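**Student:** Let's have the full structure, built from the sequences with the hints guiding it.
There are 4 protein chains.
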Amino acid sequence: MALRSAEEYKQGLRDDRAVYILGKKVADVTADPYLTVGVETAAYDFHLAHDEEKRDLAVMKDAESGEDVSSYFEVPDYPEAVAKRHELIKAACYHTDGALPFVKDVGTDIINGLSAVARGMGNDTYRDRIENYRKYCARNDLSMSGAVTDVKGDRSKGPSEQDSPDYYLRIVDETDDEIVVSGAKAHITASAYTDEIIVIPTRAMTEADADYAVAFAIPAATKGITQICRPSFRAEDSYHFPTPRPKRGHIEALVIFDEVRVPKDRVFLLREWRAAQYVAYAFSAFHRFTAVTYKIPILEYLTGLGMLAADANGVSKASNVRDRFVSMINYTETTKALARAALSEPQNFGESGLYVANCLTSNIAKLHFASNFHEFVRNVQDIAGGLLVTQPTYQDWQHDELQPYLKRYMGGAGDFDAEARLKLMSTMHHVFASDFAGWHEVCTIHAEGSFATQNMMLLAEAPAEMYKSKAREIVGLSA
Amino acid sequence: MALRSAEEYKQGLRDDRAVYILGKKVADVTADPYLTVGVETAAYDFHLAHDEEKRDLAVMKDAESGEDVSSYFEVPDYPEAVAKRHELIKAACYHTDGALPFVKDVGTDIINGLSAVARGMGNDTYRDRIENYRKYCARNDLSMSGAVTDVKGDRSKGPSEQDSPDYYLRIVDETDDEIVVSGAKAHITASAYTDEIIVIPTRAMTEADADYAVAFAIPAATKGITQICRPSFRAEDSYHFPTPRPKRGHIEALVIFDEVRVPKDRVFLLREWRAAQYVAYAFSAFHRFTAVTYKIPILEYLTGLGMLAADANGVSKASNVRDRFVSMINYTETTKALARAALSEPQNFGESGLYVANCLTSNIAKLHFASNFHEFVRNVQDIAGGLLVTQPTYQDWQHDELQPYLKRYMGGAGDFDAEARLKLMSTMHHVFASDFAGWHEVCTIHAEGSFATQNMMLLAEAPAEMYKSKAREIVGLSA
Amino acid sequence: MALRSAEEYKQGLRDDRAVYILGKKVADVTADPYLTVGVETAAYDFHLAHDEEKRDLAVMKDAESGEDVSSYFEVPDYPEAVAKRHELIKAACYHTDGALPFVKDVGTDIINGLSAVARGMGNDTYRDRIENYRKYCARNDLSMSGAVTDVKGDRSKGPSEQDSPDYYLRIVDETDDEIVVSGAKAHITASAYTDEIIVIPTRAMTEADADYAVAFAIPAATKGITQICRPSFRAEDSYHFPTPRPKRGHIEALVIFDEVRVPKDRVFLLREWRAAQYVAYAFSAFHRFTAVTYKIPILEYLTGLGMLAADANGVSKASNVRDRFVSMINYTETTKALARAALSEPQNFGESGLYVANCLTSNIAKLHFASNFHEFVRNVQDIAGGLLVTQPTYQDWQHDELQPYLKRYMGGAGDFDAEARLKLMSTMHHVFASDFAGWHEVCTIHAEGSFATQNMMLLAEAPAEMYKSKAREIVGLSA
Amino acid sequence: MALRSAEEYKQGLRDDRAVYILGKKVADVTADPYLTVGVETAAYDFHLAHDEEKRDLAVMKDAESGEDVSSYFEVPDYPEAVAKRHELIKAACYHTDGALPFVKDVGTDIINGLSAVARGMGNDTYRDRIENYRKYCARNDLSMSGAVTDVKGDRSKGPSEQDSPDYYLRIVDETDDEIVVSGAKAHITASAYTDEIIVIPTRAMTEADADYAVAFAIPAATKGITQICRPSFRAEDSYHFPTPRPKRGHIEALVIFDEVRVPKDRVFLLREWRAAQYVAYAFSAFHRFTAVTYKIPILEYLTGLGMLAADANGVSKASNVRDRFVSMINYTETTKALARAALSEPQNFGESGLYVANCLTSNIAKLHFASNFHEFVRNVQDIAGGLLVTQPTYQDWQHDELQPYLKRYMGGAGDFDAEARLKLMSTMHHVFASDFAGWHEVCTIHAEGSFATQNMMLLAEAPAEMYKSKAREIVGLSA
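Protein chains in written order, with the numbering used here: chain A, 46 to 524; chain B, 46 to 524; chain C, 46 to 524; chain D, 46 to 524.
Honestly, the hints are just simulated from the structure, not real lab data. In this text the structure is predicted, and so the values were computed from the model without any measurement. Certain hints may be false.
Said to hold, decoys possible - Computed list of chain B residues with no C-beta within reach of chain D, every gap over 12 Å:
#, residue
1, 76
2, 85
3, 109
4, 124
5, 168
6, 173
7, 181
8, 199
9, 293
10, 365
11, 368
12, 448
13, 492
14, 508
15, 517
Unchecked claim - Computed cross-link-like contacts, BS3-like style, restricted to lysine-lysine with a CA-CA straight-line distance of at most 25 Å:
#, chain 1, residue 1, chain 2, residue 2
16, D, 135, D, 292
17, C, 362, D, 202
18, D, 135, D, 381
19, C, 202, D, 362
20, D, 99, D, 180
21, C, 381, B, 129
22, B, 99, B, 135
23, C, 268, D, 452
24, C, 452, D, 70
25, B, 268, B, 69
26, D, 452, C, 69
27, A, 381, D, 202
28, D, 362, A, 135
29, A, 99, A, 135
30, A, 268, B, 69
31, D, 452, C, 202
32, D, 70, A, 129
33, B, 69, A, 452
C-beta: ideal position from N, C-alpha, C; glycine also.
**Tutor:** Okay, structure coming up:
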């Protein structure tokens, strides 16, 4: 099968999937006013392969069949694959104004993680299954989402210790050919508009948790799967000035599995509870660098908005504003530099033969952008001023009696007349002070792992023994 | 006239005022779905005087007429007045869940500021006018807003240096009895639903700016005034779970003055450009402590939400979460302690005989809460988790097929069943991750003066010479 | 006995005490070049009572005998006692350039703590003993130090769990009239030059730790006590320019108790292990506010030095330097405001009838100054420039051939000629970049409890249930 | 001439140089107790070329003569030269326990900077002079220091605006073959023990400052040069336990030029005032990355010390201590990652054909380590505890009666007996709480440019227009 067009991708989503949003069932996810934003954002992963300029980056030959497939599906079994993937994802994000198309990257990050674990476990069955699944997705040019985080109930307790057995997804039945699973995965980005959902465990498990140690892939339209979506922005929004580019963004779902049947050749972990944590870790090792990558275009853009606000307000030369610029630029460029550093030392993940960006540095990059984003927002809000939240709306602008007043009073400095300034402030409200801005703040913290997880991993990955042994040597303490 | 009831206050707003919101003219501000939230919040300033428990705090005798008037109108000509007003405002805020009723405090803060300046200038005319205006408002039990911030155009330039003369409000004509003013004031809280608007300059001026040096009071329904309002939250919102208390909040307006005629007995500054900055400073000296005061109830409430989220998620005993608690509590309690410190040393403002809370300490308190709020938000978002923005909505909860799933999967720890947890997350979304949250972040920075202004004032108010003279003495340098 | 003079205090120190410094036994602590600095600093606690201006603050009548005694010994059984003591300590510190005389405050803080605990326990024997001891010290006008922190060995283990029984001070024998104790207390300030040492436990204990649960007072010259002192500055120092005031500072000791016999009427806790933690907590409740108090003069002085450095360098008007000023002043004045707030709400400690400054606010004040001091130092070092550490020394200044060069090249801005600038930099080196500066940084963190302890106490003292119950009410959750 | 041995280097320093320390003239800098520490540290730049393992890194062939010369002198006219130099400097620093040998790197950084400027100016005379000087130093295997910072007087004024003409080094006379210069350069590291001193301007200049726009090289022993040195540590120090490695460190001098004659073929800038700032900037572009490089070994070592202190105290598993580890490691590894990022994108400096590490990223790396070092120190001091400054000294340890006490009481956790723990604390006092620690804090801020300079350069180097143009495009504003 050839590389699909964006239209073919959309056509593929018009199936029996059970998707709800705001209390209503969605008949066609490509037509819902919220979900269509996500669908169009995702579609660029399909546009990309048909874009002449990006083709070299986006398309490769399937090693066996020789057919054209998406480069996302490449097996990263050589160090340079890391930089190549970085460029691919960055190109996709630049196109979508920072909003990662998402429907091929997270899925292949999970495939890579599962493959690395299977290789690490020496489990050829799982390795073959996951590599066959990779080929299947590549050759059918499918979109995929990743369902990792369980609903978790009381987070101080493990899966089998909860008051209810339902707080982590689990195997409720098994036949020779199939397993049956129930449970719910939370915060699942884009699953409402991907062909496939890949499910993996979210944490370390004990022997008592064996039924919870399960990984598999399943079409999103499978019977028993119900998705409850939550918008991250307002579709009905008429406050904001229209922009030349379509609105970009994604929609998360709570994905409920109610006795869903999974064929065993799509099962990649089955009660091997000792491996559960390693699967989660491997996924995050691959996916964290994807996150670091997609931050670059968005931070450049957000920094630019902040600087334009200063121009519009006539304060770009004020010393306090220049201090804000320094802080904003430092934040953005440090993120970029840490990404470059991470890819300058690719790492053979767990000696699996698959390469990831340097884990410690990727982790530091993620901690950097997650820890300092709120300060960045504060800086921009400080520069933009109260107009960020008190600006007249696009409806006011369209009103015959009000527009003359707005033209008279809303002008700014330099080339910012009232309309330009209100347009700028309108976009900045969306990005820095709206529901969407809140969603962005929370994602920056929680997507790809919380602070607590990052800190734990940083301690695990850092060369602590090397530091200490140097210090022992200099002080004169026996090793 | 007796103390008005909330109903009488609302009745008084049904006049000819020209108020627009989202591109439409509002016939009755007490009936508009957005503005009514502000009106009801403001109404508590009227409820208060009729609340038996708060009466001692809220009502005083008019010194001349002996009639009952609101305590907000007290002349603060003795040190203890500061603490009394602090208790009054705090009580009002506790009632409105932290959202300051606002329509008597800011107005009397301006009246106090103008009175202090007139006393400082030795200008008996202005002093009599402002004190008469105070009595007028008190005896008619009026609500007032304050219009301070001009639209400003290019902020690197003064009023008379702008490309357009319209970027600061100015006197465009004058007769024996009246002045005529044009201009626009931005970010004016609650003016759409106050009886009166008091206008003062926002900055220092030069001789060339004399026409811009003007202060006065005017009924909101005066001909020539057009208000363009901007919601700070979504009225149409059906995402959120209903709460037992009404929604609270305020609405800002761009207030346009188009050749508005002002009788001279309501003019408190008329081209005395040298005094313009002092008026702005005096107002902020009085108002800043109001801001410090109203932060206390809201921060206690927000801290509580964050701690409940930890309970709901079962993470209250995790060491990383306890670190977040320490940071959140430290933020909240430092704000409270700085408020106590500011009132423990009331200050005779500019030797005017009117007392304010200690200016330097109030300033420090404001800087404290404004500088650290985004980190506080980050901490709460970190504790609350992704559910803060991916939670199923109230519409989902009401859906027959979805509710059983939500009950099964959305339960948390302890006594947080699915409904309690979703209710909590619903309120938390509103407060920490919505348009309203963005508005709150921006207000925390910009209301009552930006960082740059606060820093400048801190330098001006601090006892720098005392520090240096001590240091000189100890080092042994001549003074 | 009358209030002693400073000379009488010094005379009293010339006894058999076993004090070592830098590997040598000290014959007379008032004559050792290091210890004499501490002795002279401490002596101001005796000067104070003879200073006509301070007498009202420093002297009170003994309730029973009517004789004049030091106000330090007042029983704080009324709320205003807190503010009075604050003023007393502040006056002492202003005199000693910020270096707290120390030899009456810490001792009476412990006496107050032990008295509050005895009252809380309802233990009249201990209460009488400690109050008698208070009178004894008052009437003999003694100086006292407090020995709290044990050497601790492996801090992850309790006293009885250590590899060695010696890591916490313990009772090794007991007779009808005496106990015998062995152990070592670390970081004991001023004990080398106080008449008395008061010993209390440093942490919570278990039943197995009963022998370690002991509190008592003992003369410093008692047989079996050996003190190993460590200078916090260089006595031999000829780098620095002479200053008009004597050098101030204190010396810590490791105080070793080797089978020291203690009469039982000086024992205030004897194996009541459950009370051990409460004694430590009570002491810190009283002492923490002493620390907050003595920080005020020192921070004002340090801020002044930083501002003078800017004057000397001609950079006081540079925007980046003014930002540093804002940060420095904010740090200093926030500390002062938190002190005022703490004393504006004195607290009846554990319902003992003895008053302390508000515990939560004192704790916040301590956390504030300890958390931000290094940033303050960084700011001053940034302003002062490299000369802080590369400045020519006083020896260079005294050299005939070098002085002309220094005069020619070392001049600064304004009235800072070369000599004034070098004098300033000389003091600043001592305070911001020397052994003493390192000692000061470490003390700021660790004196009066580490960050970990403060954080734990903040969580314990904060009104967390109040926050949560407000939030529950507003959200609509049952309490 | 062959590559010199360390001994030959030292022999070369025994000349007529006028060096003073602590008010005394030094007869032989290799014999002075302070300066010898610097000399031995510097000597490793000579050891290096004779170390078989490092030879490939340290030695290259002179392109013309074919003789072996130090790799420091390489002309960096190809991108990979940057990484090579990074490895060379890192190797040197690892050997000297983090204390950069210094006497070849800073000099060649200046040579590279001057060469790049000459190339940029198209000034072949200067280019030839500086390249000839490079060859001269290489073939004679000389050591060099760089004299950049003038004493500056009132820093708000330029060279010619000062009250005294002496506050910046200047040309006081000129003949056909020579110039004569007077002035003083401050904070000059290692100049007391280098063969050569290279002098460049420190700032932008105006036409009036032409006499101050001068760059040249001169032997340190030249008539008219007087150096007043200041120790950064205590040579007489017997507090500290001996360590297996020699003490490392450098000594700064105030270098006074009193009518010093400089032959014109050693003059690289002569009144071209427009180029003065570019020379300073070019030097810092080359040298800043040297600084970033040498931080790596020292930060690894300091991090190790902090972690060992936790081991010694038995607190390595405490959650608050692990948080400190996270912060310390993050600081260290971010510095390392930024260094890697900077070298992954070498930059053709000002199109001169000479390569430097990426300027923006190097600048960010420098800002990173300078901004966060004090927090790092605070973290280590927090972990280490009060013993950092109250530890018994090596003299106490050597005392027969005290050692048994110390052995009994000073033991820590794990394998840290009393001696190991005291040794560790002794080194940590030197590094984290002594005169040397103060010197280190100040150098971290001020060496290679202050915060203000770094911020200014960050703004200049960042791709601000790219950010803004992206934002314009997305918002829909014309470019």
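**Student:** Now look at each hint and say whether the structure bears it out.
**Tutor:** Consistency of the hints with the structure:
1. 76: holds, 36 Å
2. 85: holds, 36 Å
3. 109: At about 57 Å from chain D, residue 109/B clears the 12 Å cut-off, so the statement holds.
4. 124: Check passes; 40 Å lies beyond 12 Å.
5. 168: holds, 40 Å
6. 173: Non-interface label on residue 173/B holds, nearest chain D Cβ at 48 Å vs cutoff 12 Å.
7. 181: Consistent with the label, residue 181/B stays out of reach of chain D, its closest Cβ about 47 Å off (over 12 Å).
8. 199: holds, 17 Å
9. 293: holds, 33 Å
10. 365: violated, 7 Å
11. 368: Answer for residue 368/B: violated, closest chain D Cβ roughly 7 Å.
12. 448: Fine: 39 Å to the nearest Cβ keeps residue 448/B off the interface.
13. 492: holds, 26 Å
14. 508: holds, 24 Å
15. 517: The claim stands: residue 517/B keeps its Cβ more than 12 Å from every Cβ of chain D (closest is about 19 Å).
16. 135/D - 292/D: Measuring from Cα to Cα gives roughly 19 Å; hence the hint holds.
17. 362/C - 202/D: Holds: residue 362/C and residue 202/D sit about 12 Å apart, inside 25 Å.
18. 135/D - 381/D: holds, 11 Å
19. 202/C - 362/D: holds, 12 Å
20. 99/D - 180/D: Holds, at about 22 Å.
21. 381/C - 129/B: holds, 23 Å
22. 99/B - 135/B: Judged against 25 Å, a Cα distance of about 11 Å means the pair holds.
23. 268/C - 452/D: It holds: about 21 Å lies between the C-alpha atoms, which stays within 25 Å.
24. 452/C - 70/D: It holds: about 19 Å lies between the C-alpha atoms, which stays within 25 Å.
25. 268/B - 69/B: holds, 18 Å
26. 452/D - 69/C: Cα-Cα ~18 Å, so holds.
27. 381/A - 202/D: Judged against 25 Å, a Cα distance of about 38 Å means the pair is violated.
28. 362/D - 135/A: violated, 40 Å
29. 99/A - 135/A: Status holds; Cα separation ~11 Å.
30. 268/A - 69/B: Since the Cα atoms of residue 268/A and residue 69/B sit roughly 48 Å apart, the hinted pair is violated (cutoff 25 Å).
31. 452/D - 202/C: Distance ~19 Å between residue 452/D and residue 202/C Cα, so the pair holds.
32. 70/D - 129/A: violated, 62 Å
33. 69/B - 452/A: holds, 18 Å
Of the hints listed earlier, those the structure fails to meet are numbers 10, 11, 27, 28, 30, 32, in rising order.
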